[in-house]
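Could you slot chain A onto chain E? The hints should help.
If you want the building blocks of each chain, they are given just below.
Protein chains: 2
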Amino acid sequence: MKHCNNAQIAGETSARGGIDDYPSRRESVPQVIPRKDPVVYSNWRQDAPLSEEQTAFYDANGFLSFDIGFSKESRGQLIDEATRLAHEKDELDSNVVITEPDREEIRSIFRVHDLSPIFEKLLKGTRLVEIARFLLGDDVYIHQSRLNYKPGFHGKEFYWHSDFETWHVEDGMPRMRALSMSISLYTNNELNGPLMVIPKSHFEFIPCVGEAPEDHYKSSLKKQEYGVPDEASLTSLAARGGIVAPKGPAGSVTIFDCNIMHGSNSNITPYPRSNVFVVYNALSNHLVAPFGSRPPRPDFLAARGERVVAI
Amino acid sequence: MKHCNNAQIAGETSARGGIDDYPSRRESVPQVIPRKDPVVYSNWRQDAPLSEEQTAFYDANGFLSFDIGFSKESRGQLIDEATRLAHEKDELDSNVVITEPDREEIRSIFRVHDLSPIFEKLLKGTRLVEIARFLLGDDVYIHQSRLNYKPGFHGKEFYWHSDFETWHVEDGMPRMRALSMSISLYTNNELNGPLMVIPKSHFEFIPCVGEAPEDHYKSSLKKQEYGVPDEASLTSLAARGGIVAPKGPAGSVTIFDCNIMHGSNSNITPYPRSNVFVVYNALSNHLVAPFGSRPPRPDFLAARGERVVAI
Chain E
164 MKHCNNAQIA GETSARGGID DYPSRRESVP QVIPRKDPVV YSNWRQDAPL SEEQTAFYDA
224 NGFLSFDIGF SKESRGQLID EATRLAHEKD ELDSNVVITE PDREEIRSIF RVHDLSPIFE
284 KLLKGTRLVE IARFLLGDDV YIHQSRLNYK PGFHGKEFYW HSDFETWHVE DGMPRMRALS
344 MSISLYTNNE LNGPLMVIPK SHFEFIPCVG EAPEDHYKSS LKKQEYGVPD EASLTSLAAR
404 GGIVAPKGPA GSVTIFDCNI MHGSNSNITP YPRSNVFVVY NALSNHLVAP FGSRPPRPDF
464 LAARGERVVA I
Chain A
164 MKHCNNAQIA GETSARGGID DYPSRRESVP QVIPRKDPVV YSNWRQDAPL SEEQTAFYDA
224 NGFLSFDIGF SKESRGQLID EATRLAHEKD ELDSNVVITE PDREEIRSIF RVHDLSPIFE
284 KLLKGTRLVE IARFLLGDDV YIHQSRLNYK PGFHGKEFYW HSDFETWHVE DGMPRMRALS
344 MSISLYTNNE LNGPLMVIPK SHFEFIPCVG EAPEDHYKSS LKKQEYGVPD EASLTSLAAR
404 GGIVAPKGPA GSVTIFDCNI MHGSNSNITP YPRSNVFVVY NALSNHLVAP FGSRPPRPDF
464 LAARGERVVA I
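Chains as they are written, first to last, in this note's numbering: chain E, 164 to 474; chain A, 164 to 474.
A few of these clues could be false.
As the list makes no split between identical chains, a pair holds if one copy fits it or if it spans any two.
[Said to hold, decoys possible] Here are the simulated lysine-lysine pairs, DSS-like style, with alpha carbons at most 30 Å apart:
(1) K363 to K319
(2) K319 to K410
(3) K410 to K363
(4) K363 to K287
(5) K252 to K199
(6) K199 to K284
(7) K363 to K199
The hints are simulated quantities; they were obtained by calculation from the structure and are not laboratory data.
With the rest of the complex left out, here is chain E:
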C-alpha cells in the first residue's frame, strides 16, 4: 500500500479537464488517496435523528446498523409488494429489471420508489430522509433505489468495492457526500452472504488499477486485479479496521458511507437476503459529467437532470 505524493494529493488533471481529487482507473500501480471530504456534515444537536453515540460511530467507522422497528404488518406489506413487483415484471420497463444470468429469476428491480407507492413511502418517509439530511448536511434526493431479491442457493458474490469510485468515475458524482441505506426484509445472519464492510476504510480512496496506459500493458499485475481494488490495499485496510457483517432481524437498516469498502460472499444457504437499497445524495452534490472517459450510465442507475428533485 503506497501513499500518494503531494502532487497526487493535491489532485490530478482529469480526462474531462479540471482537477480531479479522486482519480481512478488511470494508473497501473496501486495507491491510496486520503479522503478530502467530511463524513458527517452537520454538528450533532439534541434534536438530531441519531444519538450522539450513533453519529460518532458512523463518523469513525463509516457505517451504522440498527433496528428501525418494522411492525410485523409493515414487513409483510413490503414483502408482499416485492413479490407483486416480481410477478408483474413483464409489465415493468425492462431496463429496471435485472435477472440472474442463466435464470428467469429476478436479481434486482431498480427505481422502486417510482414504481410502488409503498416503497416510495418507505424511502421518502421522514425517518430515513431526516437521517440522510442530517448526515449529509443538505437537502437530499434519491440517487438510486432498488429491491435486491438475492434468493437462496445461488446468491452471487460481490467483490470489494467503494461505491463512490464507480459513481465518481462512471456517473460524475463530484464529492463524497452521499450514503446508502440497506433495509433487510429477512433476518441477516453470518452465513447467507451478508454485506461485509471494512470499518474505517471510508477515510481512504483506493483508486482501481486499470485502464493503464498502453505502454504499461506488460505490467505484472494479474488480469483479475484490473478494475478492482488491489489485494495489498485491502489487506492493509482489513488489518486496521477488521471486517464486519452487520446482522439483525428483518427491518434492520445499515447506513454506509459512499466510500466505505464493502462486498459480500456468495450464498448457497436456502435463506434469502432480500433487501431494499437506497442511495441518498446531497442536492449540492448532484451529478456532473463522468470523471472517467465513458458516457454516463442510464439514469435508473444514477439519477440526473430532471430526476434530481429534493425530497
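Frame of chain E, contents of chain A only:
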C-alpha cells in the same frame, strides 16, 4: 421432499448388477432414502478417545468440532511444511497438485501423508486415528488426504453435497462407514467462507438428480439442478437441523460423517482458510467397483488396491 416407497428403500438393482442401497444419479425426481448404516460403530466405553457427550453429539448431529490443542511450534511446523510443498510443486507428481483455474496459485495438494513425513505423522498419529477407529468400529486406512490452501480474496464456493454420494457412485465405497477430519491451520471465522454443515442430515441419503433416462429429457428441472441435491430437500434438511459453521482457533478439528450435507460459500476476505483434510475409511469398507456407470477415479482421490493399508 418425497420419501421413497418400500421398493426403493429395499434397494435398487445397480447398473453393475446386485442390489444398491444408495442409488443416485438415475432418477429425475428428487427423493430421500433413509440411512441404512450406523453412525457410531462402537459402544462408548471409559477409555474411548471421545467423551460420552462428544460421542452422542457426533451420533445425533453427524459432526463434532473441538480444539486438538496444537502447540504454536507444531502449527508453525505444519504451515512451514505446507508452504514448502507449495514451493516445490514442480517436483511433485502433477496429478496431485490442483491449481486455481486462471492462476498459478495452488488450490490443493493430494496424498500429503505420502509426500511429507510431517503430515504423515499428523494423519497417521495415534490421536486422530484412534478416534476414527472408535467411531468406525474397525481398523482404518486413509481413503484420501489433502492440503487445501484456500487463499483469501478468491476462495471459490463449494455447493452442498454428501461426500458419500460421490464416493459411492464414482469410487465404489459400499457403506456409510467413513469419516472426514478437517484440521484448520488458521482461525476459522464466519466470514471467510467456512465449512457449513447441516446437522442431522447424515440420517438421509439425498440422491443427486441427473443422468436421467433419455425419455425424461423434457423434465422441468433446471439444468443447474442436475448432479446436485435438489433445493426442496436442502430446504427441508436445513429447516430441521439448521446450518452450522464450526469455528475455532488454528488447530481446531472438525470430524464429519461421510454422508452429512456440507458446503461452503466463497471467500473474498483477505483471510485464508487453509486446512489439512483426511478421510478415514473402515478397512472392511474398502472400495469395490463404482456404483455408477463410469470407471473409477484415480487413486490419489480414492485409495484402492495396494494403497489400502490399515494404519
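Where does the structure disagree with the numbered hints, that is, which hint numbers, in rising order? 5, 6
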